[in-house]
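**Q** So the protein sequences, as listed, match chains A and B.
FYI, the numbering for the first sequence is 1 to 172, going by this note's numbering.
FYI, the numbering for the second sequence is 173 to 635, going by this note's numbering.
Hints are computed from structural coordinates only; laboratory data are not their basis.
Accuracy of the hints is not assured; some may be wrong.
[Said to hold, decoys possible] What the simulated footprint calls covered on chain A by chain B, stretch by stretch (three residues with Cβ under 8 Å from a Cβ of chain B suffice, anywhere in the stretch; the number is not a length):
hint	stretch
1	111–119
2	129–141
[Said to hold, decoys possible] When the alpha-carbon atoms are kept at most 20 Å apart in a straight line, the in silico EDC-like pairs for lysine to aspartate or glutamate are as follows:
hint	chain 1	residue 1	chain 2	residue 2
3	B	Lys256	B	Asp278
4	B	Lys379	A	Glu157
5	B	Lys379	B	Glu598
6	B	Lys256	B	Asp392
7	B	Lys256	B	Glu273
8	B	Lys379	A	Asp78
Please read these numbers as outputs of a predicted model, since none were measured by experiment.
The C-beta atom is built at its ideal place from N, Cα and C for all residues, glycine as well.
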Amino acid sequence: MNTRFAIVALTASALALGACKKEPPESLPPQPLPTNASNTPVTDPNAGMSGPGTQTHFEQMVNGQNVIFFDTDRYNIDSADAAALQTQARYLAQYPNVTVTVEGHADERGTRDYNLALGERRANSAKNYLVSLGVPATRVRTVSYGKERPVALGSNEQAWAQNRRAVTVVVN
Amino acid sequence: MKKLSFLLLSAAAFYAAPAVAQDLGQAPPPDGAVETLEEETSGLSGSVTDESAWQDLSIAIPGFATDRNVDTAANASGTAALGKEIARVVYNDLRNNGLFEPVGPDALPQPSYSQITAPSWSVWGNRDAEMLIQGYVQAGADGRLTVGCYLYDVALNDELARAGWVVQPGDWRRAAHKCADLVYGRLSGEDPFFDSRIAYIAETGPKDNRTKRLAIMDSDGANHRFITTGRSTALTPRYSPDYRQLTYLSYVDGNPRIYVYDIGTGQQTLVTESANPTFAPRWSPDGRYILYSMAVNGNTDIYRVPATGGTSTRLTDTPGIDIGGSYSPDGSRIVFESDRSGSQQIYVMNADGSGQRRLSFFGGRAATPEWSPRGDQIAFTHIGGNFRIAVMNPDGKNIRYLTNSWQDEAPTWAPNGRIVQFFRTERGSGDTALWQVDLTGTNERRLATPADASDPSWGPILP
Numbered sequence: 001m002n003t004r005f006a007i008v009a010l011t012a013s014a015l016a017l018g019a020c021k022k023e024p025p026e027s028l029p030p031q032p033l034p035t036n037a038s039n040t041p042v043t044d045p046n047a048g049m050s051g052p053g054t055q056t057h058f059e060q061m062v063n064g065q066n067v068i069f070f071d072t073d074r075y076n077i078d079s080a081d082a083a084a085l086q087t088q089a090r091y092l093a094q095y096p097n098v099t100v101t102v103e104g105h106a107d108e109r110g111t112r113d114y115n116l117a118l119g120e121r122r123a124n125s126a127k128n129y130l131v132s133l134g135v136p137a138t139r140v141r142t143v144s145y146g147k148e149r150p151v152a153l154g155s156n157e158q159a160w161a162q163n164r165r166a167v168t169v170v171v172n
Numbered sequence: 173m174k175k176l177s178f179l180l181l182s183a184a185a186f187y188a189a190p191a192v193a194q195d196l197g198q199a200p201p202p203d204g205a206v207e208t209l210e211e212e213t214s215g216l217s218g219s220v221t222d223e224s225a226w227q228d229l230s231i232a233i234p235g236f237a238t239d240r241n242v243d244t245a246a247n248a249s250g251t252a253a254l255g256k257e258i259a260r261v262v263y264n265d266l267r268n269n270g271l272f273e274p275v276g277p278d279a280l281p282q283p284s285y286s287q288i289t290a291p292s293w294s295v296w297g298n299r300d301a302e303m304l305i306q307g308y309v310q311a312g313a314d315g316r317l318t319v320g321c322y323l324y325d326v327a328l329n330d331e332l333a334r335a336g337w338v339v340q341p342g343d344w345r346r347a348a349h350k351c352a353d354l355v356y357g358r359l360s361g362e363d364p365f366f367d368s369r370i371a372y373i374a375e376t377g378p379k380d381n382r383t384k385r386l387a388i389m390d391s392d393g394a395n396h397r398f399i400t401t402g403r404s405t406a407l408t409p410r411y412s413p414d415y416r417q418l419t420y421l422s423y424v425d426g427n428p429r430i431y432v433y434d435i436g437t438g439q440q441t442l443v444t445e446s447a448n449p450t451f452a453p454r455w456s457p458d459g460r461y462i463l464y465s466m467a468v469n470g471n472t473d474i475y476r477v478p479a480t481g482g483t484s485t486r487l488t489d490t491p492g493i494d495i496g497g498s499y500s501p502d503g504s505r506i507v508f509e510s511d512r513s514g515s516q517q518i519y520v521m522n523a524d525g526s527g528q529r530r531l532s533f534f535g536g537r538a539a540t541p542e543w544s545p546r547g548d549q550i551a552f553t554h555i556g557g558n559f560r561i562a563v564m565n566p567d568g569k570n571i572r573y574l575t576n577s578w579q580d581e582a583p584t585w586a587p588n589g590r591i592v593q594f595f596r597t598e599r600g601s602g603d604t605a606l607w608q609v610d611l612t613g614t615n616e617r618r619l620a621t622p623a624d625a626s627d628p629s630w631g632p633i634l635p
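Can you build the whole structure from these sequences, using the hints too?
**A** Written as structure tokens, this is what we have:
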């Protein structure tokens, strides 16, 4: 079990290194799991917070690549996005009971209605790519937040680049 | 912790049945009727002052008189105090909009009841008032108020216009707005707009965790009410033409969906039953249809559905985002936004979806078109560096900018098509506020709201 985790994590890192086109978020990827974490018995009351099927576990296992980024007004999946989504797809293959929501977002430099539609288009791009990798469509839903939920608060190119994103969130 | 609460929220939304989800506050009371009195108008004099100069007119607006000072539900101090309040509302309407140069009741002598129909010309002439607005208020045995409004030309010593209304005590401000509309219409030659309402989104909280509530208010900001509690995000409201309903977007079930909220009953219903997200609801001018935009597999198109429910008709079918929409006043055409050519631009089509063609061919992007209620202009957001409010002719020609700020968007028209309201976002802080500007690009001013404000929607003149 530990070995499989390690392989997934390694592959994820390798793909992350290959991705360089767009600015990644300023925040660092989460620390790798301590080796004994996966040995935590399921009866542990805290296991639900970080075990398989939780957002914490998902983000750790995909090495922080649960978010992909887009250029202004664009929604195409570039090589960096593809690498991140491949990592996500591997996780979803390994944990077939996990269902996710892809949240599509836009930066503040757009009109409200259009940004809602653009966020939906971005979320669907990510979803369609996951489905093309074999993830059943029924396990991926989408929601657009338009420009309503920025993560970077500045009004500059760097902040906008971080906000033009699709975030994969574990639902169960 | 933030991630976690986010996750829990999403999960809850995913499993909550829409019927259980609730974000509505207490329903506002239904409107009372405003009855217009049939009054004999005295012989009107000829044309007023030279029209180009009407904005410089000095207008005296003393307190409205009462025949006897009695208790009224409209004012704790009785009808005499109410008369002064009515004059203040008229004064603020005319002053705040940059129309005329009014002087209000707090700086003027109070005429007696008998003087309302027989002004003391010399008093007003000595104050250099060119125009005089006088009025009265009476409380009837049933509690209803009768408000009379008279416009006089001081130089001519003559009456220009008069009107009267009977209102419920709770609607006393509407009588004041009707008076301001009477004066504005008589002196400018334009249609009225003060007696109208605005729906908008009230915003509070930090930029990355905004609370957005559906709210309504009179055109002057009075009678402000929140419709939703803020537990879920509300966006892009539109008043129905009869003011009985609001359509808007809510995340109340976790997804962006559009609803119709009934002001009389406080109930709301989905505009269309669909698992797909729906955005950008708009009424047809007759209130019979709602336009909406729906994303299917990421592709957004514009649909039309009867306001009472039923089968939707798809109006656009191009790949790309087709969104929004605003009917021409006669309901025959729809101006909308599409990125089918690669970037947001403005298009027009017939009401049945036929004859789609692009209107905007200037540089930059063009978004959020809104057809003037007069039909002669289309207001929109022009994006080219700054986001600016602009207008163009319905054929796409003659673009004119009305504002120049970092981010102005979402124009909405005053009922008479002479003023455009919009919201302005501050760079950095993300603070938002409602603003309005004349069609000439002058008299730009910020509207007072209890909190930050966006997505304004100005309704028609009240009946």
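**Q** Determine for every hint whether it applies to the structure shown.
**A** Here is what the structure says about each hint:
1. 111–119: holds (count 7)
2. 129–141: Contact hint for the stretch 129–141 of chain A vs chain B: violated, 1 residues under 8 Å.
3. B/Lys256 / B/Asp278: Judged against 20 Å, a Cα distance of about 8 Å means the pair holds.
4. B/Lys379 / A/Glu157: 17 Å, holds
5. B/Lys379 / B/Glu598: 11 Å, holds
6. B/Lys256 / B/Asp392: Given that 20 Å is the threshold and the Cα spacing comes to 17 Å, the pair holds.
7. B/Lys256 / B/Glu273: Status holds; Cα separation ~19 Å.
8. B/Lys379 / A/Asp78: Given pair B/Lys379, A/Asp78 is violated - Cα atoms ~29 Å apart, limit 20 Å.
Taken one by one, the earlier hints fail for this structure at numbers 2, 8, listed in ascending order.
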